[in-house]
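J.: So you can see what is in the structure, the chains are spelled out below.
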Amino acid sequence: MRSALWIRVTLVVGAVLLLEALCRTGVIQPVTMIPPSRMAGGLIALFQNGKVYPPLTKTMGNVATAFVLSVGVGFLLGLMIHAAPRLRRALDPWLASYYAVPFFVFYPLLIVIFGMNDLPIVVIGFLFGVVAMLLNTLNGLDRVAQVLLKTGRVLRMGPARTALQIRLPAAAPYLLTGVKLSVAYSFIGVIASEFILSGAGLGYTIAYAFNNFDNLTMYSLMLLVLLIVVAVNSVLHVWEQRMLRQRGLLRQG
Amino acid sequence: MAVATTSRADSGASRGQGLRDAVLMVVCGALVWQLLHLWAGEVALSSPAQTVTRLGALLADPDFWPNVLETATALLWALLIAGVGGLGLGTLLGVHRLSGQVAEPLLVAVYALPKITLYPLILLIFGLGMSAKVAFGAIHGIIPVTLFTLNAVRNIRPVHLKTARVMRLTPWQALRGVWVPAALPEIVTGQRIGFALTLLGVLLGEMFSSQRGLGFMIMNAIGLNDVPLIMAIALLLAVFAVLTSSGLLFLERRLGARG
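Residue numbers (this note's numbering), protein chains in the order written: chain A, 16 to 268; chain B, 330 to 588.
Simulated from the structure, these hints should not be mistaken for lab results.
Beta carbons: idealized from backbone N, C-alpha and C, even for Gly.
You may find that some hints are simply not true.
As the list claims (entries may be wrong) - Derived, one-sided and incomplete: chain B residues facing chain A with beta-carbon distance under 7 Å:
no.	residue
1	Ile445
2	Gly576
3	Leu578
What the hints assert, rightly or not - Quick partial rundown of chain A residues pointing at chain B, CB under 10 Å, derived from the structure:
no.	residue
4	Leu58
5	Phe62
6	Trp109
7	Ala224
Claimed, not checked - Derived Cβ-Cβ restraints for the label pairs, each shown as a range:
no.	chain 1	residue 1	chain 2	residue 2	range
8	B	Leu490	A	Lys165	19 to 27 Å
9	A	Phe228	B	Arg349	52 to 60 Å
10	A	Arg101	B	Leu364	51 to 59 Å
11	A	Met172	B	Gly552	53 to 61 Å
12	A	Gly65	B	Ala386	48 to 56 Å
13	A	Val245	B	Leu427	32 to 40 Å
14	A	Asn227	B	Pro487	21 to 29 Å
15	B	Val355	A	Asn227	43 to 51 Å
16	A	Leu179	B	Thr573	49 to 57 Å
17	B	Gly552	A	Leu134	45 to 53 Å
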């Protein structure tokens, strides 16, 4: 496991250095890509002159809202659908095909319904994230041990207490997988909507820089998005692994 | 020698019931759509009947088909690259344990990345046109296909492989009798998710910068605020996506239920 980590780090560092060398020597032209060191420099400059803050706060706010909504609603819907097996069987094929439908096409309709503000973007982020949470909630609830539920019945716990004190903790590792996917999907939904359709946020700023041949800004912001997503994802990944290990569920890879 | 790795096949539901459920869900969906139409008004959302009529007119229009062909060609190439490439890459990483361990977290990180941020880079490399769309669709699809194939191959139970060795199967026999049946259900899952994401990638590519294709038509319709046209294309894409995905899901369940 340790050696895999070292190989991975070496691989990533090597790739970045190779890219740097290729860009510096002119094998990759600056109109196509700028060296990673200049991207980092550009990003630092964007933070120093403060230009990065308005789009950054806007995007992060939208992602956070979409994420919280999709986790909350996804969990509640999961609980409800889990309690109704008949409904679940009918919904199952639709849920499995859900991500095949491209939601961006509904953006104009969302604008007419919700108005020209951040809400349509949040809704798209939410639509992207909610089903991942729902599916993982169902998966987690399926794996709650019968003996725990029986213990709950013996202790005469009500449905609310059973859900809160038995189902929630027992399904937690699987819920965390749902949370992890929800973050990723909320990011994808929000940034892609900004990219194609809106007039503010990180996605828009990158698209705007692309249209103006402003490669420095474009690549600096790409680097920023990459760093944010990888950071958020690693924190959740470490948390998930720890939880799985505590419960002895970690697959020995 | 069939080996089941999933046990999700719902044995209770007969096929007739499944069909009735599907019809019921479509009717419910249309009803909700109609209510939304009444609530949001003509400008925001065309009714199901209007949309179907518009779609019929669109399908009869000869100018519409080149756009469909453009998107279909891009999708087909992207699916081919993602499907075959992901399968090969996933198998390699699954068989060679160390490279699998090295690559998996990297692949997961790229999977979570909003790949649209990389689209300008792809446009700068490939230029505007078909190849950029294909490349963008393929990078969306290839990662889930690789990840699922990797796990499918790695999770084959050692006892099955040992059995193959004990029975002195030739490599070809072992592949046909043990490896493929054991890994296939999960590989099909990967292909299904890969299909969904490849379609998304191709459409996103067409929506951001393109001169032809369904994504381009949607962007045009958004510009003109032609709501029935947007809805008609969205309906066409949704029906296509759900049908293809359901077909693959059906296949997956069949394979999973065999053991």
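J.: All hints are to be evaluated individually against the structure, with a verdict given for each.
T.: Structure-based check of all given hints:
no.: 1; hint: Ile445; in the structure: holds, 4 Å
no.: 2; hint: Gly576; in the structure: violated, 10 Å
no.: 3; hint: Leu578; in the structure: holds, 5 Å
no.: 4; hint: Leu58; in the structure: violated, 14 Å
no.: 5; hint: Phe62; in the structure: violated, 18 Å
no.: 6; hint: Trp109; in the structure: holds, 6 Å
no.: 7; hint: Ala224; in the structure: holds, 8 Å
no.: 8; hint: B:Leu490 with A:Lys165: 19 to 27 Å; in the structure: violated, 38 Å
no.: 9; hint: A:Phe228 with B:Arg349: 52 to 60 Å; in the structure: holds, 57 Å
no.: 10; hint: A:Arg101 with B:Leu364: 51 to 59 Å; in the structure: violated, 23 Å
no.: 11; hint: A:Met172 with B:Gly552: 53 to 61 Å; in the structure: holds, 57 Å
no.: 12; hint: A:Gly65 with B:Ala386: 48 to 56 Å; in the structure: holds, 52 Å
no.: 13; hint: A:Val245 with B:Leu427: 32 to 40 Å; in the structure: violated, 22 Å
no.: 14; hint: A:Asn227 with B:Pro487: 21 to 29 Å; in the structure: violated, 57 Å
no.: 15; hint: B:Val355 with A:Asn227: 43 to 51 Å; in the structure: holds, 46 Å
no.: 16; hint: A:Leu179 with B:Thr573: 49 to 57 Å; in the structure: violated, 40 Å
no.: 17; hint: B:Gly552 with A:Leu134: 45 to 53 Å; in the structure: violated, 21 Å
Violated hints, listed in ascending order, are 2, 4, 5, 8, 10, 13, 14, 16, 17; each of the other numbered hints is respected by the structure.
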